[in-house]
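The whole structure should be built from the sequences, with the hints applied where relevant.
There are 2 protein chains.
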Amino acid sequence: MSLRSLGVELHCRCIETESKRIGRHIERVELIPANSHCEDTEIIATLKKTGQEVCLDPNAPWVKKVINHIIANKKR
Amino acid sequence: MSLRSLGVELHCRCIETESKRIGRHIERVELIPANSHCEDTEIIATLKKTGQEVCLDPNAPWVKKVINHIIANKKR
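Residue numbers (the working numbering), protein chains in the order written: chain A, 1 to 76; chain B, 101 to 176.
Hints in this document: simulated from the structure, not taken from any laboratory. Hints are supplied without guarantee of correctness; some may be wrong.
Said to hold, decoys possible - Restricting the straight-line Cα-Cα distance to at most 30 Å, the calculated cross-link-like pairs of lysine-lysine (BS3-like) are:
#1 A/K64 x B/K164
#2 B/K148 x A/K48
#3 B/K164 x A/K20
#4 A/K48 x A/K64
#5 A/K64 x B/K148
#6 A/K20 x B/K165
#7 A/K64 x B/K165
These numbers were taken from a predicted model, which means no experiment stands behind them.
The structure is reproduced here in C-alpha cells:
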C-alpha cells in the first residue's frame, strides 16, 4: 500500500522550483500529472551523489529539454 | 539513505515493457536516464488505483506522447 493510498500527500509536493540548470546532476526524475490534489504537473528530480529531491518547473524550457533528452535515451 | 546508495538496484529494473496504451491509468512516471548500471533509459509508470508499477518502452511513440502531455501540464 502506498503512502498516497493511506491519505498522505494529498496536496502539491512542490513549494518552489529550482531555477538553476541542474540537468547533468539528475539521477532520476518523477513526473506527477495534475490531479485532484494538485492542479499543476509536478516534476521532482533526484540528484546524483546527494540523493536530494529538487522540484523543477514544468514550464521551463530547459526542464522540457532535459526530459526529452532522457526519453530520447541519449547517453550522458 | 536511498536503497540505491546501499548498493541495491545496481542493474536495470525493467525486464519487459507494457505494450498497451495505458496513458490514462498513469498516476505518476519515473524516468531513469541510462547510467553505469543500466544502458537504457527506464520509464516506470505507477498506475492509479492499484499502485502497480509498469515499465514503459522509451522508444514507443505513445509513451513519448504521454510524457509530453504530462509536462505540457494538460489536465486529464
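**Request:** Mind checking the alpha carbons of A/K64 and B/K164 for me, to see if they're no more than 30 Å apart?
**Result:** holds (12 Å)
**Prompt:** Does A/K48 pair with A/K64 here, judged by a C-alpha cut-off of 30 Å?
**Reply:** Holds, at roughly 19 Å.
**Given hint A/K20 paired with B/K164 - CA-CA distance at most 30 Å** = Roughly 25 Å between the alpha carbons, so the hint for B/K164 and A/K20 holds.
**Prompt:** Taking 30 Å as the top limit, are the C-alpha atoms of A/K20 and B/K165 close enough?
**Reply:** holds (26 Å)
**Request:** Assess, step by step, whether the Cα of B/K148 is no farther than 30 Å from the Cα of A/K48, and give holds or violated.
**Result:** holds (28 Å)
**Message:** With the threshold set at 30 Å, check whether the alpha-carbon distance from A/K64 to B/K148 stays at or below it.
**Reply:** This hinted pair holds, its Cα atoms lying about 24 Å apart.
**Message:** Tell me if the straight-line CA distance from A/K64 to B/K165 falls inside 30 Å.
**Reply:** Since the Cα atoms of A/K64 and B/K165 sit roughly 13 Å apart, the hinted pair holds (cutoff 30 Å).
Of the numbered hints given earlier, the model fails none.
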